[in-house]
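Q: I would like the entire structure built from these sequences, with the hints used as guidance.
Protein chains in written order, with the working numbering: chain H, 10 to 296; chain D, 124 to 319.
In case anyone wonders, no lab produced these hints; they're calculated from the structure. Computed from a predicted structure; not experimentally measured. Take these hints with a grain of salt, some might be off.
[Unchecked claim] Here are some of the chain H residues that sit facing chain D, going by a computed Cβ distance under 7 Å:
id, residue
1, N49
2, G117
3, P167
4, T208
Cβ atoms here follow ideal geometry from the backbone N, Cα and C, with glycine treated the same way.
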Amino acid sequence: MKYLYFPGCSLKGSGKAYEESFLAVAKAVGLEIRELEDWNCCGATAYMSVDETRSYALAGRNLAIAERENLDIIAPCNACYLVLNKTQHALKDDEELRRKVVKALKAGGLDYKGTVRVRHPLDVLINDVGLDKIRALVKKPLKDLKLAAYYGCQMVRPYASFDDQHDPVTMDKLMEAAGAECVPWPLKTRCCGGSLTGTVPEAGLRLAYILLREAKKRGAGAIVTLCPLCQFNLDGYQDQMARKFEKVDFPVVYFTQVLGLALGLSASELGIQRGIIPAGKVLSGAR
Amino acid sequence: MALEQKIKYEGDCDREFAKWVVSQTGGDNLRHCIQCGVCSATCPLSLYMDYTPRRLINLAREGFKKEVLGSFTIWLCASCYACRVECPKKIHITDIMYLLKRRAIEEGVYPRRFPIPVLAREFARMVFAFGRVNETLLVMDLFLRTNWFRFLSMTGLGLNLMRTGRMSLLPDHIKRRRELRKVLDAIDSDKTEAVS
Numbered sequence: 010m011k012y013l014y015f016p017g018c019s020l021k022g023s024g025k026a027y028e029e030s031f032l033a034v035a036k037a038v039g040l041e042i043r044e045l046e047d048w049n050c051c052g053a054t055a056y057m058s059v060d061e062t063r064s065y066a067l068a069g070r071n072l073a074i075a076e077r078e079n080l081d082i083i084a085p086c087n088a089c090y091l092v093l094n095k096t097q098h099a100l101k102d103d104e105e106l107r108r109k110v111v112k113a114l115k116a117g118g119l120d121y122k123g124t125v126r127v128r129h130p131l132d133v134l135i136n137d138v139g140l141d142k143i144r145a146l147v148k149k150p151l152k153d154l155k156l157a158a159y160y161g162c163q164m165v166r167p168y169a170s171f172d173d174q175h176d177p178v179t180m181d182k183l184m185e186a187a188g189a190e191c192v193p194w195p196l197k198t199r200c201c202g203g204s205l206t207g208t209v210p211e212a213g214l215r216l217a218y219i220l221l222r223e224a225k226k227r228g229a230g231a232i233v234t235l236c237p238l239c240q241f242n243l244d245g246y247q248d249q250m251a252r253k254f255e256k257v258d259f260p261v262v263y264f265t266q267v268l269g270l271a272l273g274l275s276a277s278e279l280g281i282q283r284g285i286i287p288a289g290k291v292l293s294g295a296r
Numbered sequence: 124m125a126l127e128q129k130i131k132y133e134g135d136c137d138r139e140f141a142k143w144v145v146s147q148t149g150g151d152n153l154r155h156c157i158q159c160g161v162c163s164a165t166c167p168l169s170l171y172m173d174y175t176p177r178r179l180i181n182l183a184r185e186g187f188k189k190e191v192l193g194s195f196t197i198w199l200c201a202s203c204y205a206c207r208v209e210c211p212k213k214i215h216i217t218d219i220m221y222l223l224k225r226r227a228i229e230e231g232v233y234p235r236r237f238p239i240p241v242l243a244r245e246f247a248r249m250v251f252a253f254g255r256v257n258e259t260l261l262v263m264d265l266f267l268r269t270n271w272f273r274f275l276s277m278t279g280l281g282l283n284l285m286r287t288g289r290m291s292l293l294p295d296h297i298k299r300r301r302e303l304r305k306v307l308d309a310i311d312s313d314k315t316e317a318v319s
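A: This is how it looks when you write it as structure tokens:
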């Protein structure tokens with residue numbers, strides 16, 4: 010199974026542990042991954058606020074480069090995953106827009122016919138690799154580990170292409186395959202605050218705090234997430250939350266890190282030491 | 124405290140703006156809004172907004188340009204799409220927010236020194252220059268432009284990111300920057316042709 014990998018800017022920066030653990034897990038389950046050649050920023054939510062057509066051309070350049078290779082793209086960041094999919098939808102539904110974007114791509118020596126599929130690593134692990142194969146590969150089941158599975162917003166909204174929009178379950182199932190237990194909690198897809206944690210903390214910090222408080226209250230030992238911005242907001246701002254609300258001290262890990270440990274990979278190759286709130290103890294106590 | 128007119132007469136609105144909003148992609152079905160308020164109820168940020176999404180939709184389609192484009196509401200939208208998927212009339216509210224953000228930036232009428240529109244502009248500029256975004260440099264640039272004091276409150280986070288090897292101070296860039304600029308500029312020249 011071959012795929013192209015679209016890291017996006019976060020996985021090369023603050024979300025480095027997501028890249029490390031994703032690549033290690035992909036290798037362990039037999040996926041052949043190649044980074045998309047000369048990829049550019051997807052545009053995230055910010056570019057769309059400045060210029061719509063240009064934002065589609067920006068994302069379109071990545072799709073055009075991927076189309077040459079005739080492979081699915083895996084985009085682990087929720088924002089990249091949504092922007093690339095949204096561009097696909099927009100180019101398909103709006104003929105006038107497609108004409109403009111393809112014309113612009115041609116000015117740069119590129120072309121796009123519209124055949125690329127953009128996938129989330131969770132989708133690939135569940136639907137292409139399959140839970141049976143993953144269960145068979147698990148060497149060290151994470152017994153006694155309780156997690157709150159947090160999906161964030163843009164993986165299921167507005168397009169829920171491989172899971173339920175209101176109550177997604179695929180990550181819960183994957184974590185259970187790794188031997189962990191997922192606590193029931195209703196905030197699976199509630200907004201983490203996005204970029205507002207940094208720009209408007211008086212509003213953004215509270216959104217992130219609510220998620221941590223609720224996960225703790227429900228008896229989880231950590232939040233497991235699949236988006237670099239969610240991880241950053243929940244993990245990185247806990248010192249500011251302590252000043253504003255209360256001390257939280259709650260680890261937030263990537264689903265690929267938890268799965269990687271169960272597959273027998275080492276904590277350091279999964280980037281577990283990169284958590285600002287240390288997660289090693291919760292995860293290793295679970296063995 | 125200066126007196127301010129709180130209730131608007133129909134004559135206070137801008138007919139041209141109302142026409143413009145409903146002529147845009149996604150704006151055409153704003154007329155279908157039944158003011159049920161599900162958007163405001165699902166929105167996790169509505170409690171901080173000067174106008175809830177429901178009110179903003181009504182103001183926009185009636186042409187209250189100044190209120191709409193100068194509002195905090197459009198900038199507080201974090202693009203979580205909760206309203207869009209719950210709207211019984213299938214209005215793409217998140218995209219309406221983007222539409223209004225773009226118009227506010229174009230006209231330069233966003234709330235002064237409010238960091239979010241500045242972030243959007245600087246983000247686009249960094250992408251044009253390098254093809255990629257370096258989070259650290261973007262955030263530093265933002266706070267130096269808007270709020271020095273807040274920048275200082277971020278030092279704890281900065282040190283933590285450095286300690287865990289999650290911060291880079293070198294701008295990352297793509298190889299074929301000229302190719303990307305040609306693509307983006309071609310969109311603008313297409314627009315100019317359409318106008319002339």
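Q: I'd like to know which numbered hints this structure contradicts. Please list them from smallest to largest.
A: When the structure is compared with the hints, none of them turns out to be violated.
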